[in-house]
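Trainee: Take a look at the letters that make up each chain.
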Amino acid sequence: MTTLSGIGTSPLSGVGHARWYRPDAAITLPERPAAEEVDSGAEQVRFETARGTVREALKQARDQTAERVGEQEAAVFEAHQQFLDDPQLVEDIERSIQSGMLAPHAVADRFEEAIKQFENMDGMMAERAADLRDVRDRLLRELLDVEGADLSTLPPDTVVLAKRLTPSDTAKLDPEAIAGVVSATGGRTSHAAIITRALAIPAVVGVGEELFEVAEGTEVLVDGEADELVTEPGASRRAEADSLDASIRTQRVTTADERAIEVAANVGSVMEFEPARARGADGVGLFRMEFLFLDREEPPDEEEQYEAVSEALAAFPDNRVVVRTLDVGGDKAVSYLDMPAETNPFLGQRGLRLSLGKFTDLFETQLRALLRAAASDNGDKLAIMFPMITHMDEVEAALARVEAIANDLASEGIKHAIPELGIMIETPAGVFSADRFAGRLDFLSIGTNDLTQYVMAADRENNAVADLHDPLYPAVLRAIDYAVTAADKHDAWVGMCGEMAGNPELTELLIGLGLDELSMSAVSVPAVKKQVINTDTHSAKELAADVLNCQSREDVYETLDLS
Amino acid sequence: MERTVEVVPEAGIHARPASRFVQKANEFEIEVSIGRADAADGQLVSAKSMLSVTGLNIEHGESVRIVTDAPEASEALEELAAILTAPTESENV
Chain C
1 MTTLSGIGTS
11 PLSGVGHARW
21 YRPDAAITLP
31 ERPAAEEVDS
41 GAEQVRFETA
51 RGTVREALKQ
61 ARDQTAERVG
71 EQEAAVFEAH
81 QQFLDDPQLV
91 EDIERSIQSG
101 MLAPHAVADR
111 FEEAIKQFEN
121 MDGMMAERAA
131 DLRDVRDRLL
141 RELLDVEGAD
151 LSTLPPDTVV
161 LAKRLTPSDT
171 AKLDPEAIAG
181 VVSATGGRTS
191 HAAIITRALA
201 IPAVVGVGEE
211 LFEVAEGTEV
221 LVDGEADELV
231 TEPGASRRAE
241 ADSLDASIRT
251 QRVTTADERA
261 IEVAANVGSV
271 MEFEPARARG
281 ADGVGLFRME
291 FLFLDREEPP
301 DEEEQYEAVS
311 EALAAFPDNR
321 VVVRTLDVGG
331 DKAVSYLDMP
341 AETNPFLGQR
351 GLRLSLGKFT
361 DLFETQLRAL
371 LRAAASDNGD
381 KLAIMFPMIT
391 HMDEVEAALA
401 RVEAIANDLA
411 SEGIKHAIPE
421 LGIMIETPAG
431 VFSADRFAGR
441 LDFLSIGTND
451 LTQYVMAADR
461 ENNAVADLHD
471 PLYPAVLRAI
481 DYAVTAADKH
491 DAWVGMCGEM
501 AGNPELTELL
511 IGLGLDELSM
521 SAVSVPAVKK
531 QVINTDTHSA
541 KELAADVLNC
551 QSREDVYETL
561 DLS
Chain X
1 MERTVEVVPE
11 AGIHARPASR
21 FVQKANEFEI
31 EVSIGRADAA
41 DGQLVSAKSM
51 LSVTGLNIEH
61 GESVRIVTDA
71 PEASEALEEL
81 AAILTAPTES
91 ENV
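First to last, the sequence lines map onto chains C and X.
Mind the numbering: the first sequence is residues 1 to 563 in my numbering, read in order.
Mind the numbering: the second sequence is residues 1 to 93 in my numbering, read in order.
FYI, nobody ran anything at the bench for these hints, they're computed from the structure.
Computed from a predicted model, the values in this text were never measured in an experiment.
Do not rely on the hints blindly, as some may be mistaken.
Claimed, not checked - Taking lysine-lysine and the DSSO-like style, the derived pairs with C-alpha atoms no more than 30 Å apart in a straight line are:
1. C:Lys358 <-> C:Lys415
2. C:Lys415 <-> C:Lys541
3. C:Lys415 <-> C:Lys489
4. X:Lys24 <-> C:Lys116
5. C:Lys59 <-> C:Lys172
6. C:Lys415 <-> C:Lys381
7. C:Lys381 <-> C:Lys163
8. X:Lys24 <-> C:Lys172
9. C:Lys489 <-> C:Lys541
10. X:Lys24 <-> C:Lys358
11. C:Lys59 <-> X:Lys24
12. C:Lys541 <-> C:Lys530
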């Protein structure tokens, strides 16, 4: 048993037989002929043809990755297309061909120069070297008619070992068949890491040259949680890795006395669905749509938003997906949206205030996409949540807008439905009016990060008041209790989607307070589910009552046995 | 004609922002070049070359010049500058 350490890309583990992947080995350049023996015209055509084929293949890889993994991961292939058609590089290669080089030599030499430029730098620049190698190898394989090793059809329980994995290689991996992936190079943000994480394939990258000592066929354990690769793992080492996997519960859970608690994930992009599912999340309790609006020049259209929501619904066919409508403002600025500079952005135009005001067009486009998605496959699992609510007129206006959009769609003959509707409770005003709001809605979801900031009047980004930013102050706990009681009175379900929900040390308290749903970062799901199972509702209620009676935060910590 | 902007995306002029910048530059007929704010004209590189643009290794927070000799190109420069000043996503609950 040998243990090599690297960087786990996700907390998943897998056991299988090592299989070396050596894509470069298959590429052997022919002899270099004398310049006068080369038919430059023919070589030029050969290069052009190969480039055309690779361009087409890259486009295909892009589309496939967009579909299997996500738009963001697919973007790397757009960069590859640009390297392929880089005017400088193409010109250099063509000049070499004109001077009497065979096309493959011209490609190999000119790419090598470009790769050298990036290779010895770190971070982002090293990634560019990997990109260039990937494009070069595609071109050379095409020119020399070499089949690339096919990673999409490996025998089951294979652990792929490689010096480095290109995005093209990684995107082809079949998560069903692959037990794991290990590479000598790469870091946490390398494309290989991002894609294996998104595909929920156990992987350890950056192991170093010691990896080359592992022989073909060796049984290996890839332990992403421990950041280790273990050869010929003993029974106890396997059990250790297994116990983590076993702690992932994909089924819904109940308390010891069978009260159902939904443990969902907060997600901020399409690529997070798979890891959330892999960690056993019961659907999505907060889908932040902002990712679709950032890092671009214009807002996404109805179709793009519809697609993203459909993807979420397809990823969790048996579970609820709560989509929050556009929540910009506060600390989140979007360059192409003309947002006012405010002295106090957290107390200014944000969330629904903008959706009902300045950005009403964006809001309507978003609602059209959501109402259409509600009538698509699994659409009955969709829920819409409005952020930053302070008074009844806002709730009524949002509901009226939904009604109006439904009427528009009906008159256009477009299939649609009105899903569950709810709001975030994140302001003191929202708390004190929660009993009024709940009568008009299907659910309330408590956003504890903002709620704490507003109840404690402590800017969450100001370190000088960081100590006040704690949801365990009696005032915040009372606010939560008030909102839950209000929801119960009207049979609305009530969830929580702030960081507090993902703290397993608080699960019993939250169940005792009466929360029906807890939504958190996917990584916290297994630990919280475990707590739910071990909780008895009756004693949880007693604990909550004790905590609500506490005089100070110190008392609360003591009652909860926290340090 | 030229514009000087501070690079906003976390990734600097790499990855997606670089890719989108070069893609956009290639949509225009005119020649556009780019370099650090303190770079002389001779040190600027073609905005249409992914290799050259990422080779600058420009990071978040640095200022860059986007330059063209073409007349009436302010709209093109504006669009290119917009890509380098669009922020990337952040977490919020």
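Trainee: Hint by hint, say whether it matches the structure.
Mentor: Hint by hint, here is what the structure shows:
1. Under the criterion of a C-alpha separation no larger than 30 Å, the hint pairing Lys358 (chain C) with Lys415 (chain C) is consistent with the structure, at around 28 Å.
2. For the hint linking Lys415 (chain C) to Lys541 (chain C), the alpha-carbon distance of about 44 Å lies beyond 30 Å, and the restraint is violated.
3. Restraint check for Lys415 (chain C) and Lys489 (chain C): the C-alpha separation of about 34 Å exceeds 30 Å, so the hint is violated.
4. Restraint check for Lys24 (chain X) and Lys116 (chain C): the C-alpha separation of about 27 Å stays at or below 30 Å, so the hint holds.
5. Distance hint between Lys59 (chain C) and Lys172 (chain C) is fulfilled; the C-alpha atoms sit about 14 Å from each other, no more than 30 Å.
6. For the proposed pair Lys415 (chain C) and Lys381 (chain C), the alpha carbon gap of about 16 Å is at most 30 Å, so the pair holds.
7. For the suggested pair Lys381 (chain C) and Lys163 (chain C), the alpha carbons sit about 44 Å apart, so the restraint of at most 30 Å is broken.
8. Between the alpha carbons of Lys24 (chain X) and Lys172 (chain C) the distance comes to roughly 29 Å, so the proposed pair stays at or under 30 Å and holds.
9. Between Lys489 (chain C) and Lys541 (chain C) the CA atoms are separated by roughly 17 Å; this keeps the pair inside 30 Å, and the hint holds.
10. As the CA atoms of Lys24 (chain X) and Lys358 (chain C) are separated by approximately 29 Å, the hinted pair is consistent with the 30 Å bound.
11. This hinted pair checks out: Lys59 (chain C) and Lys24 (chain X) have alpha carbons roughly 18 Å apart, not beyond 30 Å.
12. Restraint check: the Cα-Cα separation between Lys541 (chain C) and Lys530 (chain C) comes to about 18 Å, which is no more than 30 Å; the hinted pair holds.
The structure shown violates the earlier hints numbered 2, 3 and 7.
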